[in-house]
Amino acid sequence: MSLSLDDVKRVANLARIEISEDEACRTLTQLSGIFGLIEQMQAVDTSAITPMSHAQDVMQRLRADAVTEIDQRELFQSVAPQVEAGLYLVPKVIE
Amino acid sequence: MQWETVIGLEVHAQLSTESKIFSGASTAFGAAPNAEACTVDLALPGVLPVLNRGAVERAIRFGLAVGAKINSPSIFARKNYFYPDLPKGYQISQYELPVVEGGHIQLQIVQDGKEQEKTVRLVRAHLEEDAGKSLHEDFQGMSGIDLNRAGTPLLEIVSEPDMRSSAEAVAYAKTLHTLVRWIGICDGNMQEGSFRCDANVSVRPQGSEKLGTRCEIKNLNSFRFLEKAIDYEARRQIEILEDGGAIQQQTRLFDPEKGETRAMRSKEDAQDYRYFPDPDLLPLEISGSWIEEVKKELPELPQQMRSRFEHDYGLSMYDALALTADRDNSEYYEAVAGKLSSDPKLCANWVMGEVSAYLNNEGKSFDVCPLSPAQLAQLLLRIKDGTISGKIAKDVFRQMWEQASAESISWKNRKEVDESLADRIIESQGLRQISDSSALEKLVQEVLTANPKSVEEFKAGKEKAFNALVGQVMKAARGKANPAQVNEILRKKLTE
Numbered sequence: 001m002s003l004s005l006d007d008v009k010r011v012a013n014l015a016r017i018e019i020s021e022d023e024a025c026r027t028l029t030q031l032s033g034i035f036g037l038i039e040q041m042q043a044v045d046t047s048a049i050t051p052m053s054h055a056q057d058v059m060q061r062l063r064a065d066a067v068t069e070i071d072q073r074e075l076f077q078s079v080a081p082q083v084e085a086g087l088y089l090v091p092k093v094i095e
Numbered sequence: 001m002q003w004e005t006v007i008g009l010e011v012h013a014q015l016s017t018e019s020k021i022f023s024g025a026s027t028a029f030g031a032a033p034n035a036e037a038c039t040v041d042l043a044l045p046g047v048l049p050v051l052n053r054g055a056v057e058r059a060i061r062f063g064l065a066v067g068a069k070i071n072s073p074s075i076f077a078r079k080n081y082f083y084p085d086l087p088k089g090y091q092i093s094q095y096e097l098p099v100v101e102g103g104h105i106q107l108q109i110v111q112d113g114k115e116q117e118k119t120v121r122l123v124r125a126h127l128e129e130d131a132g133k134s135l136h137e138d139f140q141g142m143s144g145i146d147l148n149r150a151g152t153p154l155l156e157i158v159s160e161p162d163m164r165s166s167a168e169a170v171a172y173a174k175t176l177h178t179l180v181r182w183i184g185i186c187d188g189n190m191q192e193g194s195f196r197c198d199a200n201v202s203v204r205p206q207g208s209e210k211l212g213t214r215c216e217i218k219n220l221n222s223f224r225f226l227e228k229a230i231d232y233e234a235r236r237q238i239e240i241l242e243d244g245g246a247i248q249q250q251t252r253l254f255d256p257e258k259g260e261t262r263a264m265r266s267k268e269d270a271q272d273y274r275y276f277p278d279p280d281l282l283p284l285e286i287s288g289s290w291i292e293e294v295k296k297e298l299p300e301l302p303q304q305m306r307s308r309f310e311h312d313y314g315l316s317m318y319d320a321l322a323l324t325a326d327r328d329n330s331e332y333y334e335a336v337a338g339k340l341s342s343d344p345k346l347c348a349n350w351v352m353g354e355v356s357a358y359l360n361n362e363g364k365s366f367d368v369c370p371l372s373p374a375q376l377a378q379l380l381l382r383i384k385d386g387t388i389s390g391k392i393a394k395d396v397f398r399q400m401w402e403q404a405s406a407e408s409i410s411w412k413n414r415k416e417v418d419e420s421l422a423d424r425i426i427e428s429q430g431l432r433q434i435s436d437s438s439a440l441e442k443l444v445q446e447v448l449t450a451n452p453k454s455v456e457e458f459k460a461g462k463e464k465a466f467n468a469l470v471g472q473v474m475k476a477a478r479g480k481a482n483p484a485q486v487n488e489i490l491r492k493k494l495t496e
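Each protein sequence line maps, in turn, to chains Z and W.
Residues 1 to 95, numbered by full-length UniProt numbering, are exactly what the first sequence covers, in order.
Residues 1 to 496, numbered by full-length UniProt numbering, are exactly what the second sequence covers, in order.
Next up, chain Z with everything else stripped away, as it sits in the complex (with noise of 0.2 Å):
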């Protein structure tokens, strides 16, 4: 699969992540190359395998459904750039 200037373009804006045109130009040699590697394993008989969805081989530990958490909002908002009535204040967003 060869990957196109404009796909970087597109996930770093996915991403939100600003690139100039040398960086996003970097960057396709760089994941083309990834690419490349994941090209040689796709070619690799993996039928009889398990896919492997984390890294170590130990399962999910669980918590007892319980309140835990006090309310902390004052401290947490001593942080935040700007609240108002209790709510975070962001810049306005409208989908």
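Hint data in this document are derived by calculation from the structure and do not stem from the laboratory.
Partial pick of chain W residues on the chain Z-facing surface, computed with a CB cut under 10 Å:
id	residue
1	Glu18
2	Cys38
3	His136
Straight-line distance between alpha carbons at most 25 Å, and here's what the computed BS3-like set of lysine-lysine pairs gives:
id	chain 1	residue 1	chain 2	residue 2
4	W	Lys480	W	Lys492
5	Z	Lys9	W	Lys79
6	Z	Lys92	W	Lys218
7	Z	Lys92	W	Lys79
8	W	Lys384	W	Lys339
9	W	Lys339	W	Lys364
10	W	Lys493	W	Lys464
11	W	Lys88	Z	Lys9
12	Z	Lys92	W	Lys88
13	W	Lys453	W	Lys492
14	W	Lys492	W	Lys442
15	Z	Lys92	W	Lys133
16	W	Lys364	W	Lys174
17	W	Lys114	W	Lys345
18	W	Lys118	W	Lys174
19	W	Lys133	W	Lys79
20	W	Lys493	W	Lys459
21	W	Lys493	W	Lys462
Virtual Cβ for every residue (Gly too), placed ideally from N, Cα, C.
Once you have looked at the hints, place chain W on chain Z.
The following block gives chain W in isolation, referenced to the frame of chain Z:
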């Protein structure tokens, strides 16, 4: 051309846990803004999610109730998008290997007096966290963010596109709504957003196998809106196709005030969520013994109870459906029918009729009904043994209700039940039916003497005049005469 509407639904059911899915913050509704948002919900650096056993348990319960496969291992994934009410920049959801896979929902639809059954297949049901809330007004160019809802556990239930009309979609949503409350995994409160529907709607020529291009309508928070939105959307698509146009795959919003759907975003600028397994969460293992444990605690399901009601009590599908609307309702009915086993249909009529109406009127549900099933059964027994007429019974019922309500104890909390309440009211007010035939004959005679005109009309062949005379007798008896008996005596006297 004849068109067929094809509908699939995605329902987000908020799970009724005490704490959030990945943190120990409370999920209680209505707290002050951000009072229930802890470090994990705020996505402060260095925090890690820890999965709530209660949320998984509820998902298993649902899976078992719909006959689905419970996946083990099940995997959590990151769904990436940017929005200020999602502080991590991704939502923890499931992509491959959701907890619940497959399954089906059985629908009973009563439409225009006809009873139909239908099966809707499920694709999957997966666990995920809810996002926070953005408030766009009142902050002078800024948006206010409340993260109390962030991290609230949701079960997203995805159906196959098996529905063919808005009526079927509503029946499916209602059945699902009943089920999640029945098995106690979700409170079903639609105003508070605990149960929200998205509808995928497409149309195709009748008889065609190929699915048309679909549009997704977001956030329908009432059954009425669901119905209206689907009807509008299907009409809109048919019009476009009939004018030779093509449907754009889109996400649309329903505007309840205008009763129409409008485009929110089209496929070109559709999100690319770049799902991948969340490295912060290990695979979830659900053991066979855990599933067995959950299965043991599962109550009799509405579907099973409905067919039992039809079988054992001889009720119609319509009655069985109404009485199994929720567990409190069915429990109340069974308690009444248990006391008056000779007439389950009469019990059904009163539970669905008077009791429901009085409860509705007071905005109450069956679990807090003031009147005990035994007290109602006693009243119904008095109709059956001819002590009072059905009409008088309604009056007695009203008085029983008032007296029982005055104590403000629900039937379940009542330690001693005064079963003679109906009898006392009947006796103290002399409401017993006049069944002494000589007393009735005397009444009838008086009415005949007082209404010679009606008598003449009847003799001239006017059946209407007969009914007028029956009415007069009932009035003279202050409603306490047995109508069948009055009919008989009157007819005998008139044809003498």
